[in-house]
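Enquirer: Sequence:
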Amino acid sequence: MGFLETMQERGMLAQVTHEDELRAHLTGAARTAYAGFDPTADSLHVGHLLPVLGLRRWQQAGHRVIVLLGGGTALVGDPTGKTDMRQMADAETINARAEHFKKQLAPFIDFTDPKKGIVLNNADWLLKLQYLPLLREFGVHFSVNRMLTADSVKLRLEKGLSFLEFNYMILQSYDFYHLNKHEDCSVQLGGDDQWSNMLGGMELVRRKEQKQAFCVTLPLLVTSEGKKMGKTEKGAVWIDPNLTPPFDFFQYFRNIDDSMVEQCLFYFSDLPVAEVKRLGALRDREINDAKIVLAFEATKLVHGEEEANKAKSMAAGLFAGGAGGKPEAPEALVAAKDLPAGDAVSVVDVLVLAGIFASKSEARRLIEGGGLSLDNEKITSTTATLDVARLKTEDGVLVRKGKKSYHTLKLA
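Read left to right, the sequence shown gives residues -10 to 401 (our numbering).
Misleading hints may appear alongside valid ones.
[Stated by the list, open to error] Here are the simulated DSS-like pairs of lysine-lysine, each with C-alpha atoms no more than 30 Å apart in a straight line:
(1) K390 to K299
(2) K299 to K367
(3) K266 to K91
(4) K367 to K399
(5) K105 to K170
(6) K170 to K216
(7) K399 to K299
(8) K92 to K143
(9) K399 to K326
(10) K367 to K390
(11) K367 to K326
(12) K91 to K104
(13) K349 to K367
(14) K117 to K91
(15) K148 to K170
(16) K117 to K217
(17) K104 to K148
(18) K299 to K381
(19) K197 to K266
(20) K390 to K301
(21) K197 to K143
(22) K216 to K301
(23) K266 to K299
(24) K197 to K117
(25) K92 to K197
(26) K197 to K105
(27) K266 to K301
(28) K399 to K217
(29) K299 to K92
(30) K105 to K91
(31) K381 to K92
(32) K216 to K117
(33) K117 to K105
Hints are computed from structural coordinates only; laboratory data are not their basis.
Between the sequences and the hints, there should be enough to build the whole structure, so can you do that?
Expert: Below you can see the structure in the form of structure tokens.
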């Protein structure tokens, strides 16, 4: 089955330019597509997975992919979806993040053969551009009137859009032009919120090179409240296991809205279409079985089968009622040198030191709301203490935050 057919069957297509022309283009030979990722954080997150998995499907269909790391565009900052200007990082930080992104993407895409896939960094050409030559050669192809109609720009006009950010569309468009000219890349993949930026590049290629160029976007996954997927009360759901442990990653998908199960199974698993539809049709208590399958498949995709099995077993132990001993949970360590002298320590203090809570006020609020337990014993006082000796045991102390977040607290 071809790329477009697979994507349509799994509900992974949002918008496509020149669809009939693209279908013919893809039947002629192996083609090259790219997707860009700006290293604006220390790790990729669940939201980044959508275009990554689009590239994965493209490669599985027998085509070539380019992963473009935005070492250059990250110096400007994409205003798309932002109500305020992004916090700027220095070039050294951006380069370090780009290298980390490259490692994170390797499990999803085959880079062993340049004919199948490569990784590039747009800093290699964007930093060499001269301002006046760029304006003279490329500025004429961009209408300010049209740029102002882009959603990424309109959202910011009332609050203020810097001229720096206004240039982002031109730089992203130049990327497509450069990749078309030097890598014979004819397709750009991206999230549907990138549609306006992507059209600029496609049109630049068609005008300047008189060659075929196409845009394909993937739908944005949003919750029933209309919020983008990949966010929790703790923040983003990261791909980096040091930022979001595999168990927490598993639990994120285990606890998504019922209405999202089928769509997420199409995205984050390779299960056959019939099986996805069967699981997605489950209702009431049975939908939990489908969520467990989804959580396992998504965790396997990102962290591997071994970690997925561990997370699944851990979750089964935690929610089995606690019979037969204390289950395992992700470890949260506190250094002995950070603890005050004495045999007991404040529960609030030790949980903050271990990173389970970001602040003492956050810990106190949960205690006051009746949502914190240690070894299945509810903590009712914000001045409660914990014997340090309990932290030194092999099992540590099982910390439950709310109904679904667990950690094993131990002494480092």
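Enquirer: All the hints need checking, so say for each whether the structure fits it.
Expert: Verification of the hints:
Under the criterion of a C-alpha separation no larger than 30 Å, the hint pairing K390 with K299 is consistent with the structure, at around 20 Å. Under the criterion of a C-alpha separation no larger than 30 Å, the hint pairing K299 with K367 is consistent with the structure, at around 27 Å. In summary, the hint linking K266 to K91 is not supported, as the alpha carbons are separated by about 34 Å, beyond the 30 Å threshold. Between the alpha carbons of K367 and K399 the distance comes to roughly 19 Å, so the proposed pair stays at or under 30 Å and holds.
A distance of roughly 18 Å separates the Cα atoms of K105 and K170; the hinted pair therefore holds under the 30 Å criterion. Between K170 and K216 the CA atoms are separated by roughly 38 Å; this puts the pair beyond 30 Å, and the hint is violated. Taken as a hint, the K399 and K299 pair is honoured in the structure, with Cα atoms around 19 Å apart against an allowance of 30 Å. Distance check on the hinted pair: K92 and K143 sit about 35 Å apart at the alpha-carbon level, beyond 30 Å; violated.
With a CA separation close to 13 Å, the supplied pair K399 and K326 stays within the 30 Å bound. In summary, the hint linking K367 to K390 is supported, as the alpha carbons are separated by about 10 Å, within the 30 Å threshold. A hinted pair counts as satisfied when its Cα atoms are at most 30 Å apart, and K367 with K326 qualifies at roughly 27 Å. Between the alpha carbons of K91 and K104 the distance comes to roughly 18 Å, so the proposed pair stays at or under 30 Å and holds.
Annotation: proposed proximity of K349 to K367 holds, straight-line Cα distance about 18 Å (limit 30 Å). Restraint check for K117 and K91: the C-alpha separation of about 22 Å stays at or below 30 Å, so the hint holds. Distance hint between K148 and K170 is unfulfilled; the C-alpha atoms sit about 37 Å from each other, more than 30 Å. A C-alpha spacing of about 36 Å is found between K117 and K217, which places the hinted pair above 30 Å, so the restraint is violated.
The suggested pairing of K104 with K148 is violated, with an alpha-carbon distance near 45 Å, which exceeds 30 Å. For the given pair, K299 sits about 24 Å from K381 by alpha-carbon distance, which is consistent with the 30 Å threshold. As the CA atoms of K197 and K266 are separated by approximately 45 Å, the hinted pair breaks the 30 Å bound. In summary, the hint linking K390 to K301 is supported, as the alpha carbons are separated by about 19 Å, within the 30 Å threshold.
Note on K197 and K143: the hinted pairing holds, with a Cα-Cα distance of about 27 Å set against a maximum of 30 Å. The straight-line distance between the Cα atoms of K216 and K301 is roughly 27 Å, inside the 30 Å bound, and the hint therefore holds. For the hint linking K266 to K299, the alpha-carbon distance of about 26 Å falls within 30 Å, and the restraint holds. For the hint pairing K197 with K117, the CA-to-CA distance comes to about 20 Å; that is within 30 Å, so the pair holds.
With a C-alpha separation of about 34 Å, the suggested pair K92 and K197 falls outside the 30 Å cut-off, and the hint is violated. Between K197 and K105 the alpha-carbon distance is near 27 Å, which keeps this suggested pair within the 30 Å criterion. This hinted pair checks out: K266 and K301 have alpha carbons roughly 22 Å apart, not beyond 30 Å. A hinted pair counts as satisfied when its Cα atoms are at most 30 Å apart, and K399 with K217 does not qualify at roughly 34 Å.
Between K299 and K92 the alpha-carbon distance is near 23 Å, which keeps this suggested pair within the 30 Å criterion. A threshold of 30 Å between alpha carbons decides the hint, and for K105 with K91 the separation of about 16 Å falls inside it, so the pair holds. For a cut-off of 30 Å, the pair hint linking K381 to K92 is broken: about 36 Å separates their Cα positions. Between K216 and K117 the CA atoms are separated by roughly 38 Å; this puts the pair beyond 30 Å, and the hint is violated.
At roughly 28 Å between alpha-carbon atoms, K117 and K105 fall within 30 Å of each other, so this suggested pair holds.
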